[in-house]
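Visitor: Protein sequences appear in the order of chains A and B.
Per the working numbering, the first sequence runs over residues 1 to 210.
Per the working numbering, the second sequence runs over residues 1 to 210.
Each hint should be verified, as a subset may be incorrect.
Any copy, or any two copies together, can satisfy a pair, since identical chains are not distinguished.
[As the list claims (entries may be wrong)] Below, simulated PhoX-like cross-link-like pairs (lysine-lysine); rule was C-alpha separation at most 20 angstroms, straight line:
1. Lys94 x Lys144
2. Lys133 x Lys94
3. Lys144 x Lys133
4. Lys173 x Lys144
5. Lys173 x Lys133
6. Lys173 x Lys94
Read the hints as simulated data drawn from the structure, not as lab findings.
Protein chains: 2
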Amino acid sequence: MLYLPPHFEQTNPEAVRELIAARPLGTLITLGADGLSANHVPFLLDERSGEQGRLIGHVARNNAVWHHFDASVEVLVVFQGPSAYISPNWFPTKQETHRVVPTYNYIVVHAYGPRLIHEDETWLRGIVGRLTKVMEASQPLPWKMADAPADYLHTMLTSIVGIEIPITRLIGKWKASQNRVDADRAGAAAALEAIGDDESVAMAELIRPG
Amino acid sequence: MLYLPPHFEQTNPEAVRELIAARPLGTLITLGADGLSANHVPFLLDERSGEQGRLIGHVARNNAVWHHFDASVEVLVVFQGPSAYISPNWFPTKQETHRVVPTYNYIVVHAYGPRLIHEDETWLRGIVGRLTKVMEASQPLPWKMADAPADYLHTMLTSIVGIEIPITRLIGKWKASQNRVDADRAGAAAALEAIGDDESVAMAELIRPG
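Okay, chain A solo, but in the shape it has when bound (with noise of 0.2 angstroms):
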């Protein structure tokens, strides 16, 4: 299991749905016959199916991960945010106490279930238009799948299987400086603020406290 410290869990639903579809790249992980494989797969998280919803997406029908597996090991899904290196000397406390060690922010999202398999067309078919437009909605002429002539079409939706992960459990890891006191956090902030890319600016808000 994952170390989950409780005032690292994050139990609010918003905030996990919100990092899956900020950051919908998830790291799918299986166990295989030659043992732990990751892939890189960019899902959507439907909520209308099943109490926690599921993870939907597809793979290359190349890639052995569909059919390569061992079914009774519950599959995992890891989505990552912001990370940020943070530094003792941004804590007021160590000036005082000098009681400080050098760690890692990060936010994670943990999803685990059993993975399905769909390698009908018309299921294909309606998953890759939800997929394309939700990843297309920040263009101004977002490409849809009728842009796409329909034989070419067909060839790849033949080309791909469908993965779909009822949620068995689902679990965000928020690791932002809350054991921390409310000044070592502003200077926390104040420092991932200075430093300015676009990494650190969004651990910044993370940790800032409220």
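Given chain A, work out where chain B should sit, using these hints.
Guide: Chain B only, in chain A's frame:
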């Protein structure tokens, strides 16, 4: 196994090393009695040891990952670089043939190996010192272990466990539109640059034809 078409394989060990150094927070994947687990651990690639080097890091002693595992299955550590959704709209080929579908680009490194455990304080002190030196390198006044009181440091060192993974397989997958013609690569790179966030710009640099 990771699905890895030959044109996406990163065969330059320098590029693989650079990704681990730039994004040291690895996803440590293990198989335990309760199934698959992932934990997020900053690693250092130590190339002075073994043919492919070793990963070294540490976890909280309270993290079950170091004792609760199936030693017959090699662990897998995934390091993830920039990723970006790639719209068919960005490929000039689309205007001509419309034979293009959406995809996702990403770069990742997968490292396999057995997991060794270290509880010796001298070993831990050495590893923490090396990690600190690397992580603090960009600080104006790098924090050093000696900055912390000896009793506190001793307590901290007894609350962690060292992880060493002698690498048996090191795989780089750079999915960065290498299968597209130069005009398409240039189009996607320009579109990502226009989006302008750090991830998109980093992916644009990876895609742009040489």
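Visitor: Now look at each hint and say whether the structure bears it out.
Guide: The hints, checked one at a time:
1. With identical chains, the CA atoms of Lys94 and Lys144 are at most 20 angstroms apart between copies only, with a shortest distance of 12 angstroms across copies and 55 angstroms within one.
2. When the C-alpha separation of Lys133 and Lys94 is checked against a cutoff of 20 angstroms, the pair qualifies only between copies, where the shortest distance is 18 angstroms, while the shortest distance within a copy is 49 angstroms.
3. Only within a single protomer do Lys144 and Lys133 lie at most 20 angstroms apart by alpha-carbon distance; the minimum there is 8 angstroms, versus 50 angstroms between protomers.
4. Taking the shortest alpha-carbon separations for Lys173 and Lys144, neither the intra-copy value of 35 angstroms nor the inter-copy value of 28 angstroms comes in at or below 20 angstroms.
5. Taking identical chains as interchangeable, the C-alpha atoms of Lys173 and Lys133 are never at most 20 angstroms apart, the minima being 29 angstroms within one chain and 27 angstroms between chains.
6. With identical chains, the CA atoms of Lys173 and Lys94 are never at most 20 angstroms apart, being 26 angstroms at best within one copy and 41 angstroms at best between copies.
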